[in-house]
Amino acid sequence: MPLPAGMLASLALCLAMLLVLTGCSEPQPPEAPLAVVAPPVDLAELDLAVRQQFKERWDALQAATPGSKESATRWGEVGQWFDAYHYRDSADASYANAAQLDAGEPRWPYYRGHIALDRGDLDMAMEEFARAANLAPDMAAPRVQMGNIAMTQLHVDVAKDAFDRALKIDATDPEAQLGLGRVALEQGDPEGAREILEPLLQSQPDVGQLHYLIGLSWRQSGDRVKAAEHFSKVPQESLNQVPLSTSDPWMREVQLLDRGVVTLTRRGVREIQHGELRHGTLLLAQAVKANPSTAETHINYAQALRRVGRPNHARDELQEALRLAGDSPETTAKAHLALASLLTSMGQLDVAEPHLHEVLDFDPRSVDALLQLGRIKQRQGQVEAALGQYAAARDLAGEREDVCFWHAAMLLRLDRIKLAQDALQADIDRLGEARSLRLLLARLLAAKDSPSTKDVDSAKKLLQSAAGQPDVFFAETAAMVAAADGAFAQAISWQDEAVATLAESRRHAALKTARRRLQLYREGMPCRNPWEDAESMVTTKIRTSQTERNPS
Amino acid sequence: MTYDCIASLRRAAPLAAIITLLASPCPTLAADDGAVARTPIFVDVAPASGLDFEHWNGMSGQHYFIEPVGAGAALFDVDGDGDLDIFLSQGRLLEPPGVDAKSVQPIFAPPKHSGGRLYRNDLSIAQDGQRTLHFTDVTESSGLKADGYGMGVAAADIDNDGRIDLYLTNFGSNQLWRNVSKDGVIRFVDVTEQAGVDDSRWSTSASFADIDADGWLDLFVVNYVDFRLKNHQPCRSPAGRPDFCGPLSYRGEGDRLFRNRGDGTFVDITGPAGLLDGKSSGLGVVAADLDSDGRIDFYVTNDMRQNFLWRNLGHAAGSDGAATKFENVALERGVAVSGMGQSQASMGVVAGDFDNDADDDLFMTHLNGDHNTMYINEGEGYFDDRSTASGLASPSMSMTGFGVAMIDFDNDGWLDVMVANGEVRSIEAQARANDPFPLKQANLLFRNRNGRFIEVERGELGVLAKMEVSRSLAVGDIDNDGYADVLLTNNSGPARLLRNQAASGAHWIGVRAVLADAPRDALGAKVSVVVDATTTLTRRVATDGSYLAASDPRVLVGLGTRNAVTAVRVIWPGGAEEEWRDLAVDQYHTLTQGTGRSIEASP
Chain D
1 MPLPAGMLAS LALCLAMLLV LTGCSEPQPP EAPLAVVAPP VDLAELDLAV
51 RQQFKERWDA LQAATPGSKE SATRWGEVGQ WFDAYHYRDS ADASYANAAQ
101 LDAGEPRWPY YRGHIALDRG DLDMAMEEFA RAANLAPDMA APRVQMGNIA
151 MTQLHVDVAK DAFDRALKID ATDPEAQLGL GRVALEQGDP EGAREILEPL
201 LQSQPDVGQL HYLIGLSWRQ SGDRVKAAEH FSKVPQESLN QVPLSTSDPW
251 MREVQLLDRG VVTLTRRGVR EIQHGELRHG TLLLAQAVKA NPSTAETHIN
301 YAQALRRVGR PNHARDELQE ALRLAGDSPE TTAKAHLALA SLLTSMGQLD
351 VAEPHLHEVL DFDPRSVDAL LQLGRIKQRQ GQVEAALGQY AAARDLAGER
401 EDVCFWHAAM LLRLDRIKLA QDALQADIDR LGEARSLRLL LARLLAAKDS
451 PSTKDVDSAK KLLQSAAGQP DVFFAETAAM VAAADGAFAQ AISWQDEAVA
501 TLAESRRHAA LKTARRRLQL YREGMPCRNP WEDAESMVTT KIRTSQTERN
551 PS
Chain W
1 MTYDCIASLR RAAPLAAIIT LLASPCPTLA ADDGAVARTP IFVDVAPASG
51 LDFEHWNGMS GQHYFIEPVG AGAALFDVDG DGDLDIFLSQ GRLLEPPGVD
101 AKSVQPIFAP PKHSGGRLYR NDLSIAQDGQ RTLHFTDVTE SSGLKADGYG
151 MGVAAADIDN DGRIDLYLTN FGSNQLWRNV SKDGVIRFVD VTEQAGVDDS
201 RWSTSASFAD IDADGWLDLF VVNYVDFRLK NHQPCRSPAG RPDFCGPLSY
251 RGEGDRLFRN RGDGTFVDIT GPAGLLDGKS SGLGVVAADL DSDGRIDFYV
301 TNDMRQNFLW RNLGHAAGSD GAATKFENVA LERGVAVSGM GQSQASMGVV
351 AGDFDNDADD DLFMTHLNGD HNTMYINEGE GYFDDRSTAS GLASPSMSMT
401 GFGVAMIDFD NDGWLDVMVA NGEVRSIEAQ ARANDPFPLK QANLLFRNRN
451 GRFIEVERGE LGVLAKMEVS RSLAVGDIDN DGYADVLLTN NSGPARLLRN
501 QAASGAHWIG VRAVLADAPR DALGAKVSVV VDATTTLTRR VATDGSYLAA
551 SDPRVLVGLG TRNAVTAVRV IWPGGAEEEW RDLAVDQYHT LTQGTGRSIE
601 ASP
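Top line first, the protein sequences correspond to chains D and W.
Under this note's numbering, the residues of the first sequence are numbered 1 to 552, in order.
Under this note's numbering, the residues of the second sequence are numbered 1 to 603, in order.
So that you can see chain W by itself, here it is in the shape it has in the complex (with noise of 0.2 Å):
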């Protein structure tokens, strides 16, 4: 008798057949998976609502180091108009260095439009509630010009001015576009150079925060390896053929760290802050108060490489106030290395309550071969390796994963989580069918019960289950109908936009928590949705994570059953906390930071 045999009777078989199985030695069983057709949760709609991109790697037989890495994308508000738009970074030709770029012949076909694009959505909702989603391509009019070889986006207003200013990683020379929209004109302007943001190496993924609750948002950018198509190396597979290398091919890079003046110039504050040894080969990074004493600490996932938790010590004693301080306390914390001990290869990451215990978590990506991990905060900002219990390891250790979404599909109040896939080495049986980019994969979404999360059926997946290279997700209601959607873009592949179609009937509560000061998103506060006497749920205020994404600052809350909430509570960066009553679920409501009632620290 084989395990086969074992896990067919695990589905259907009653106590009493197993017992009498005990009895016989070898039986066999008649097959019976009991599979049931079920409708994708997700559906993409890129089509046919005009998302036409395709990423391009611009590969060309040399196995660059970058070619497989990008590429990125972000859902933000570009015009104001309550709705999320979409920009995707783009990779561009990678010419051998000393070669002219006309004789060089890419494997794909380059794109009909160069560079990172910006579409605006014009989503209309018609008076029976159907809603229709179209994307137009306002690159050129926006005076957008991302021509760099795109990685990461990072989407937050840097000027407290109302609108979203984008700040975009490139392989090469970063962007900062200040965004001048008027009037619903999309309009962007270049200021990478008086704000002094650029950083020439290669950067991926990017996160602003308001490090010292000064009202503006500084920048955190995450460095990956000194990898110059002038220092490329020819890397091998352990046979011998050409293959892409690995991160310790290359020297780790420093991360970087500017601080917001607030007059429209950031200052690197890198070395001043601690941060300088911290070179690596970082992927992904989130900004998050992991240690619940009320500053915004950083964790940067890095390949092949320890992790960090920059934890945010304020200012240190006897400064001139100018540098805020962070120590690395990743290791003592238990979220440098895996709970085996071992430098995981870490890609994406996301940090957020996943247990419903009202502080963040942590989950993040890895290489196949490797379990996605899931670090589950004790308090205070200590952590326990829980991947194993949590049910996400086993199912990942064939994938290489990088996006990772947390979403609550289902609007059941527990965070769920999806995973984008698409190996950085040949898969055999791919290579053998004579695939010119053999790393495709299938995507990967868990239903999360109370703390445990269930592989969704292949019925489910839809789309989610096509192999392709996928890399970056961003998270975001993009029809506004209170259920998450979520944007998946592929190397070498089209960007999809996966529209929720769970339809659960579950009720929701939609927030965007504003400062009074400024009207922007008030990035890094805590909102708390008090469902009921025993159920408070807790989520951040945050664009950053995934895998070099920018996703909806708004938080959107699943209730269930539940047709009513007793409060929102709003804790601001800064500490303030403020309580609203009488919300109305099953709609987004914006919270004025002033406008509640104000609730007293607790001593």
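Just chain D, with the same shape it has in the complex (with noise of 0.2 Å):
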């Protein structure tokens, strides 16, 4: 009588730990013929450097004396050129080659497992790790592979038993750790899964993985508050998910091989994210030199360089991407978006302009430039030009808090109270928690000069209703309708609070409004203008020691 299906896999698994503890491995015959691989077909259209590269490893191969291990050795490094820029048949095929030439390599049989796991083929996935771990006993990545299959096929104590081997042999390697946290976790058991999880997490604090884990444990454990606590840190894009940091030596062989434009450019912004500036850049400037041709990569490195105080370099850069860009439309518009906004930030707001029109030449309904454009209008004080260029973006993207904020400043600008009563309260009913319009409105309910629509009580309301970690904008808003309210030790107490913030992050021109209106409050006079000629919304957050003040 056949076993039950499940059994029998359990057994298999088994067989297959067994063969890593006796050294059991299928004998090539080294007379079979090599499978056939060709390089890619797209060639010629890949970035320079990664053409190079797989020149140079193709040469090598082709030098290599047949059937030797050295030729072992180069199809196995074609192989992990494949595999870098996913490449999977081909890969396999040379890793499989690499293989058959050299059977006492480890990483040829566990880059194969990978293939095959991407696959989704688990049973070939599993025998080749198997069949690494057994050529390399002291190595922890292939049983912590095992050990992931033996999770996905709910084998937990045989997954368990794999995570445990991998970390006899390095203790401190966080796939295994992470694994034995998901088999606690499995096994129903969320203070051991915590045990193991939460010192992994101190060493690697940014792991959304590890945080949604240890919330899935707190949830098992009934506690929903500290659920949400890490739930809450969780990245929202899977591109900021930042990966757990794992120890895993052949992987990284192949990870490292990547120099594509792509995998530059994703590593450089990323830097820049997080505040690595001039790490970024310098991998947006190697995109460029893997690729000199692409516009984009010319794009990228531009906005790194205006980043990191180099504008006359980064509009070199444009001016080069622009060039490059010629048959592209699309992207000879972005280019131009990209200059006219470097201009405009260098205050050259008469050459920036004409980049502009390009762009809305090409795309009329361009709210980017649109906004671009009315922010050079206003500045060159041309109120009512920049007012309709406000208005036209409105239009096209009504939904965009951004947008209708800046329409709604502009009437205000103009002294048009009510218009921009109207606007914002449309606005606000229509886009519902719209947290800079309800400030706006704040501001406009509270100020001195517009008797018709004061209305301090009302202004109090909003800015409740937009509390939350204050930022300079909010303080300011506060000490308006604090000063509004004739509560002036409270509106200066904002004020200060605003001031302090704008001189740290030395906002000059901010600065200096907001000097001016904690004079008005020190005079005891409320403030007359809800919105000045060239402020700017700044939301850098003020200093912790005012949050926990009642806004109102």
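Errors might be hidden in some of the hints.
[Unchecked claim] Among the chain W residues that face chain D by a calculated CB cut under 7 Å, a handful are: (1) Lys-230; (2) Val-267; (3) Gly-369; (4) Ala-429; (5) Ala-433; (6) Met-467.
[Unchecked claim] Pairs of lysine-lysine residues, derived as DSSO-like cross-links and limited to a Cα-Cα distance of at most 27 Å, are as follows: (7) Lys-461/D with Lys-325/W; (8) Lys-160/D with Lys-69/D; (9) Lys-325/W with Lys-226/D; (10) Lys-279/W with Lys-541/D; (11) Lys-460/D with Lys-112/W; (12) Lys-466/W with Lys-112/W; (13) Lys-145/W with Lys-233/D; (14) Lys-233/D with Lys-279/W.
[Claimed, not checked] Some chain W residues near chain D, calculated using beta-carbon distances under 10 Å: (15) Gly-98; (16) Leu-248; (17) Ser-398.
Treat the hints as calculated values from the structure; they're not laboratory data.
Even glycine gets a Cβ: it sits at the ideal position worked out from N, Cα and C.
Two chains, two frames, a set of hints: combine them into the complex.
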């Protein structure tokens, strides 16, 4: 009588584990023909650096004596190239050739195991990882992968055994620790899971996956508040997820091989997002080098240069991007937009403006171009023209809070108080939360110069509805409302905080306005204008000492 | 000895053989795959029945993000004659901005008729019970002009006149077509503008649901990302070859919720309802009462970003009653990211009771390298990722899934799963073979055996095993024989009408739940078939779910060998519950609200 499939699968897994212990591996007939592998069909389309990389490896393979151990190594290296750039079929065939020519090298079956895993062929993956583990008794990585497969197949005990074995080899292996945490969760042992995962989280505090699993453990323990605390630290987008830092030198070999523009750019952008401006810029410079003929890479590099305070170099890169983007109107528009923004920030408004017209000629619905043009007009003192641009942007993207904000701010600047109030109210009704609009409306209702609309109670309510961790914009609004209510001590206190934060962050133009308002409050006078000429919305958080204050 | 040895052993060997093998280090086993020729469960009857639709994505070598994404389909009874008709979305030429369309050379030839197509089902049943399907293209005569770049379809009766209307999502402005058919003559009028339900962004799936139990169907529209031909980004493969972009190359878009005023117009309540912060990359949506509190929630699948579970809070205290409030509780409920804590590239989604415990579970499809995910409802709307335990994870890892159907194809009382696959990035072997659209994959079908899913063998897959770029799946009993059929769309390929040939001899019961105050399907109702003292099968009345699709709103419940049911209970939108007894099996019943025995709600 046949055994149930589940039991047979367990037995099969045990057999695989046994193979690791007994050193059983299938002999490969040396005379078997090697798989045919050809260069990628799209080689000519690849990044320059990537093509060169392939050529070096391919030439080395051709130069090696067929059937030699060196040839095996070269096949493996070609396989790594295919693997790094996601040509999985060719990678697998190359690794197979390498393994056939040198059955003693553990990396080739290990890589084949990963490819099999990607294909969902868990049986083959397990076989290959077992072979790698057998050949490399001191490596934790294949055992970790065997544990992961066993978890996928819900053979929790087998998985636990594999993770334990990996940790015997390397007691700090993060992936094995994570695996054991998962085992504990699967076995309904949330405390046990936390005992393993929390120390790991301490060493890798930004890994969302760890937060999520710990959150699940708290949910399993019935503590939904603690669970929610951890869940809130899981990033919204997969791109922003910090992966668990693993200690897998073999996979790292493949990952480091990837010198394509896409990866360099991704890494560069990530570094910049994490405040590592210099390193990020360096990676983007490498991307330009990897493929100097792509306009996009120059645009990305220029944006980074701008962030590190090298506007002239950034301008040169954008001009090069414009030259290269010749036959792509979309990329040309993108380069124009970036260049206009850069030139605006350099104060070259007249030079910037034509670039925006180029964008709008191509795409009259470009909201970003309209907004930028509005800002230029505003800075040139052409307030009516600025309003026109913002209004056009609002017609196109009324769901964007920033667009509605600038439209209303410009109406205020033009003293069209009622129109501004109506627009703000309509936008808030439509957009719901819209914190910046609520604050702007609160300012409008508190302003001394608009007696027809002055309504301090409503302003207070709006302020309350926009409460949260206060930033400069909020603090100045709170000060304005407090002053309108005659609570000058409170107004001074809020405005003090805003001034201190602006001084610290060197926002000179905004600081000037803030100091003027502070002086007004000290003199016992409320603010006249809800929104000033050169004012911008500063969302820098103010110091924590103020956060517990009642905003109204 | 290899693991392959073990695998073949697993198929055939008794325990004694395994023990022997353990003692003998590297034996060789004779191959015995035990293959048995099987009959395909589904047969494509599209060509034979006159359904001659071929999708065209309009690609011309630019790698526009939109190209591999469409397109959708609907199964709905447009003329009220009791059988399901078909609507299929169509693409159009994607000419680069500033380039004369005439100078653009599309890679595939355009279809003979442009725009989405409407096919009338002229089902005939002979005296001997023989059912013959025949479809007639009635697009032109119906007045329906679906000339946008078509994406998805939502089908429901928006004006409570008993006729099913169509909402078409597009890459560009959407359309609402009011069904004004009369006396069997199919007619539609475009009421998009007057109804106020347009969205000019890139919309994908949509769902009609009565969120405030006022008797009028509201509309949830899912938007993808801010991609337009004019902000096309030249994306590349890791090695640098031009390739399709991913969703994170563009800004995510917010979804939109429209409340039906009941006078032919809708009002956009996205902001007041609290949905505005949900800017993401939505592809799928289901409306279901996932926390069993009597209110319809929305679950939205997002590509490479966290999924949303918009929990319906009802009317906020002190509000004017105009806006029902929602909050996103996906993370805390365990359905935002996978059980491993990672955002997945979620595409299609279905909500249904896969484990027959009377609450709705969620199943969704994902990108190659990741697995499809099954979230089992633990009660009160808390979920657990049971993808691995369900058996649905591993077989999906090498596939990119889009459409998904929960379909009890063998009528055994357990909801089975079908998944439509097709890559979004070039497949190496196909590119080497110079395939101009190298994204083709086979589809998947699973049998549900007491909550554990078993992959259907290749011999039974039939046309589902064909390598195509499959996208949408709509489910419905196209020939009214009590076995659910499937409409499958292929990007740059033919639509396939998969007629269920399972013929397992299992019994079934069909229910159309109709409201008392309006002659329309009671979307959001729950139908429970009490089979015996220990078995109750619960299904929701819905047309949404899958990917870009609208399905048959009738509930079809497989009964296996059981040839009678004790009762059928319906929980209507709003919470009232009724029961019907003595309903015959192996036929459809129309259950109208107010005609059953009322059941008092439990305290």
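Close enough to count: is the Cβ of Lys-230/W nearer than 7 Å to one in chain D? Where the cut-off is 7 Å and the nearest Cβ of chain D is about 4 Å from Lys-230/W, the hint holds.
With the threshold set at 27 Å, check whether the alpha-carbon distance from Lys-325/W to Lys-226/D stays at or below it. Holds - the C-alpha atoms of Lys-226/D and Lys-325/W are around 25 Å apart, at most 27 Å.
Would the pair Lys-466/W and Lys-112/W pass a check requiring their Cα atoms to be no farther apart than 27 Å? holds, 24 Å
Do the alpha carbons of Lys-461/D and Lys-325/W lie within 27 Å of each other, as the hint requires? Judged against 27 Å, a Cα distance of about 20 Å means the pair holds.
Take a quick look at whether Lys-160/D and Lys-69/D sit within 27 Å of each other, Cα to Cα. This hinted pair is violated, its Cα atoms lying about 37 Å apart.
Would the hint on Leu-248/W stand, with a C-beta cut-off of 10 Å toward chain D? Cβ of Leu-248/W sits 5 Å from chain D, so the hint holds.
Quick one, is the Ser-398/W hint okay against chain D at 10 Å, beta carbons? Holds, because the Cβ-Cβ distance from Ser-398/W to chain D comes to roughly 4 Å (cut-off 10 Å).
Restraint satisfaction for Ala-433/W [CB to CB of chain D, less than 7 Å]: Result: violated, 9 Å to nearest chain D Cβ.
Verify the proposed pairing of Lys-233/D with Lys-279/W, using a straight-line Cα cut of 27 Å. Cα-Cα ~18 Å, so holds.
Would you check the hint for Lys-279/W and Lys-541/D, treating anything up to 27 Å between C-alpha atoms as holding? Given that 27 Å is the threshold and the Cα spacing comes to 23 Å, the pair holds.
Could you check if Gly-369/W really has its C-beta closer than 7 Å to a C-beta on chain D? holds, 5 Å
Please work out if Lys-145/W and Lys-233/D have their alpha carbons no farther apart than 27 Å. violated, 47 Å
Hints 2, 5, 6, 8, 11, 13 from the earlier list are contradicted by this structure; the remaining hints agree with it.
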